[in-house]
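Given only the sequences and the hints, what does the whole structure look like? Please build it.
Sequence positions in the sequence shown follow the numbering used here and run 6 to 857.
No lab work stands behind these hints: they were computed from the structure.
Bear in mind the structure is a predicted one, so any value in this text is a computation, not a measurement.
Every residue, glycine too, gets a C-beta built ideally from N, C-alpha and C.
Some hints here could point you the wrong way.
Pairs of lysine to aspartate or glutamate, DMTMM-like flavour, derived with a Cα cap of 20 Å [said to hold, decoys possible]:
no.	residue 1	residue 2
1	K355	D407
2	K377	D346
3	K666	D735
4	K535	E515
5	K535	E512
6	K632	E811
7	K156	E697
8	K176	D346
What follows is a set of in silico ranges between Cβ atoms, one per label pair, in the way DEER data are often shown [said to hold, decoys possible]:
no.	residue 1	residue 2	range
9	D114	G527	29 to 37 Å
10	V529	E504	44 to 52 Å
11	V490	Q794	33 to 41 Å
12	Q548	A460	39 to 47 Å
13	M351	Q222	33 to 41 Å
14	G784	S218	20 to 28 Å
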Amino acid sequence: MNSTDASTDKQRLIVVGNGMVGHHCVEQLLAGGALAHYRIEVFGEEAQRAYDRVHLSEYFGGRDAESLAMSAASLYEEEGLTLHLGCPVLGIDREAREVITANGSFGYDKLVLATGSYPFVPPIEGAEGDSRLVYRTLDDLDGIRAAAQGKRRGVVVGGGLLGLEAANALKSLGLEAHVVEFAPRLMPVQLDDFGGAALKQRIEDLGVGVHLSKATQSISAGSEYRYRMNFAGDDFLETDLIVFSAGIRPQDALARACGLELGPRGGIDINDQCLTSDENIFAIGECAAWNGSIFGLVAPGYQMARLVAAQLCGQEGQPFLGADMSTKLKLLGVDVGSIGDAHGAMPGAKSYRYIDEATSSYRRLVVSADGKQVLGAVLVGDNSYYDTLLQYAQNGIKLPEDPASLIMPAGEGAPALGADALPDSATICSCHNVSKGAICSAIDSGCTDIAGVKACTKAASGCGGCAALLKQVVEHELTARGVEVDKSLCEHFAYTRQELYHFVRVEGIESFEALLAKHGKGHVGCDICKPAVGSILASCWNQPIMNPSLVPLQDTNDTFMANMQKNGTYSVVPRIPGGEITPDGLIAIGAVAKKYDLYTKITGGQRIDLFGAQLHELPDIWGELIKAGFETGHAYGKSTRTVKSCVGSTWCRYGVQDSVKMALDIEHRYKGLRSPHKLKFAVSGCTRECAEAQSKDIGVIATENGWNLYVCGNGGMRPRHAELFATDLDDATLIRYIDRLLMFYIRTADKLQRTSVWRESLEGGLDYLKAVVIDDSLGLAAELEAQMQLVVDRYECEWANALQDEEKLKRFRTFVNEHGGDPAIHFVRERGQRRPARADELHLIPVTEEAV
6 MNSTDASTDK QRLIVVGNGM VGHHCVEQLL AGGALAHYRI EVFGEEAQRA
56 YDRVHLSEYF GGRDAESLAM SAASLYEEEG LTLHLGCPVL GIDREAREVI
106 TANGSFGYDK LVLATGSYPF VPPIEGAEGD SRLVYRTLDD LDGIRAAAQG
156 KRRGVVVGGG LLGLEAANAL KSLGLEAHVV EFAPRLMPVQ LDDFGGAALK
206 QRIEDLGVGV HLSKATQSIS AGSEYRYRMN FAGDDFLETD LIVFSAGIRP
256 QDALARACGL ELGPRGGIDI NDQCLTSDEN IFAIGECAAW NGSIFGLVAP
306 GYQMARLVAA QLCGQEGQPF LGADMSTKLK LLGVDVGSIG DAHGAMPGAK
356 SYRYIDEATS SYRRLVVSAD GKQVLGAVLV GDNSYYDTLL QYAQNGIKLP
406 EDPASLIMPA GEGAPALGAD ALPDSATICS CHNVSKGAIC SAIDSGCTDI
456 AGVKACTKAA SGCGGCAALL KQVVEHELTA RGVEVDKSLC EHFAYTRQEL
506 YHFVRVEGIE SFEALLAKHG KGHVGCDICK PAVGSILASC WNQPIMNPSL
556 VPLQDTNDTF MANMQKNGTY SVVPRIPGGE ITPDGLIAIG AVAKKYDLYT
606 KITGGQRIDL FGAQLHELPD IWGELIKAGF ETGHAYGKST RTVKSCVGST
656 WCRYGVQDSV KMALDIEHRY KGLRSPHKLK FAVSGCTREC AEAQSKDIGV
706 IATENGWNLY VCGNGGMRPR HAELFATDLD DATLIRYIDR LLMFYIRTAD
756 KLQRTSVWRE SLEGGLDYLK AVVIDDSLGL AAELEAQMQL VVDRYECEWA
806 NALQDEEKLK RFRTFVNEHG GDPAIHFVRE RGQRRPARAD ELHLIPVTEE
856 AV
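Below, the structure is given as structure tokens:
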């Protein structure tokens, strides 16, 4: 079957591959007006349209396939553009100019191959089933998730970029994770020996086993785990599943079968215009070999895609002459950066190194023989130096008198390179090849904020690694043009959140109306300023949020002191401090759940969620829970959520301190504390870290001499490893430092800013934060402690308060004139509990059934 429409004189263009590079090519074709000249057919082997593989690991963090999609489905609904998903191309007939699929043959005048790469699995005896998983696509991740069910240990073969991401995925699935690498160091392509050693230490500190210089000879049945990986010699490692991430190979099978020339190590040979040996066929991305080299990053693929799209649209594209393989990553929460000649291979190259064994941090700066130019760099532990070093390397900027100052700790080295020092040719966003000059042009064309510049240029819309530099450039250029950079919270307040916090605290303002009258404009506020001010007032004065003057400031969840679920019902989460609960407490929760037919689930934060409560039921449910001795768990608020703990020295033979008591002390002290974002804590009784304290906003780990304090971690959508802040603290000092740090965060953070992002935005970094909290460099310690104590002293269970006030209880009615439930809410039963009915199940519910 040939799909040519004889009634048109348009040429036929086929793109094989709907990955990130193939999709970007289609976007560029549409932007260049290609549909005026071509009918475009796109073939994708996977069932999903193009998705963001750079952030693939976030799939295990809660993102679904749709949220990872590179565009809305409507993009491929344009007239003249057809997307075939789940339809692999099986062959190419170059003589007939057709591609062959299971759905027939499709003719082409021009063909673009964007087939990408496939994961390399070494030929190892016994590698099959759960011992031959790979980490490449969404289907692969679904397979790993299924294989991990009920398993204890997982191993990744390969310690490169994807290998470490895969190890993080296994860890997030609750498995004990290990990495096996053939080379003597992790990330051997990007890092030198010192950098690899620093990364290994950091990865091991996260609880991931690292096994270097290991060649797997065979896989056999294990004794304690399902499989045994047999290494050279008598060494072995047992595991339940094995994920291979030992590198990639170009997907060049179609090209090989149809006789296109290949590179010496595989890949479809292309010239500087991305043309193959067939003048009608282009190749782009990881399937293409330019001068024998394969480029495994998205930025070079995008560069090729832009070049090919320009040529097909009759424009002159910039020839492809290789690509900068510099990269900035965060692997398992650890910063890793590699720039240019990271190994100092250039003849005469000199290196400067900064090594901090205490924190496993490493920085290497490679400069030319004459000491005038940056050639490369390696960073492990702190990527705040990356943007500056990259610009020095890419733009030949003159080095300071002491080049080593560029990698010295903050406060000791050279100042960061300002936006004014960058030439217009400086690349700000490598994914979309956006220069400083292009950003300046966008501003000159009328863009007056970062959002406008991003929409105009696409800068920072790829991997996002250039976001900080983009912000710096945009704000500098606006200021240089006499445009005041607007940092207003919203149209009603021409101040930042920090400034509004200062007004509230210093002037003793206790209501939104008073703050608006004195420092704002307008009469009612908006959805931006009201919740932000509501949070500030709660952080400062800790008054019940159901007070009449405060209710209008709350988000939906806070308004009803419960999390609204997808079917309009609410969840109920009583506080279970430290995860400790009596049998009577368990029975009480079970009795409430059974009486109101609530779905129950134990959370990762060591408490019990009760789902399916209707609005009118909330007061009755909470009345019974409070009578049984429970308090609100604040699961609905930007506030302290949970303090996770292990059983510590009371029960565990490894525990060195009473982690349960410390968890109880911490949770009872900070419960009800409102903050810019939610707060999670954990206390581990020893360095085995069963409570996962190093992924929390505040993490505490017991030592023989006291407590180690970790701060500003985050296990959510943007994982960040917490940093060691202080060691061997006694109980009183630990609490004092937490008081100061949390109140300083509340005082200085932006709205809805997590502690991890706040920490990354602090000038001076962790050292500055230590100086403020530990050394009292700003003279604020006593003030911060007093402010925290005021919040602690004013704590009151919000639900207990509401239940004592009939006016407040009037809010908990589905309908104003009656006390019943919502008849539009329906449930079905599954696994012994009820859950919300899906739309396709509503016909199964009898029309006579009353709402539950």
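The hints, checked one at a time:
no.	hint	result
1	K355 / D407	13 Å, holds
2	K377 / D346	15 Å, holds
3	K666 / D735	14 Å, holds
4	K535 / E515	13 Å, holds
5	K535 / E512	19 Å, holds
6	K632 / E811	18 Å, holds
7	K156 / E697	19 Å, holds
8	K176 / D346	32 Å, violated
9	D114 / G527: 29 to 37 Å	60 Å, violated
10	V529 / E504: 44 to 52 Å	21 Å, violated
11	V490 / Q794: 33 to 41 Å	37 Å, holds
12	Q548 / A460: 39 to 47 Å	41 Å, holds
13	M351 / Q222: 33 to 41 Å	38 Å, holds
14	G784 / S218: 20 to 28 Å	53 Å, violated
Consistency note: the structure conflicts with the earlier hints numbered 8, 9, 10, 14.
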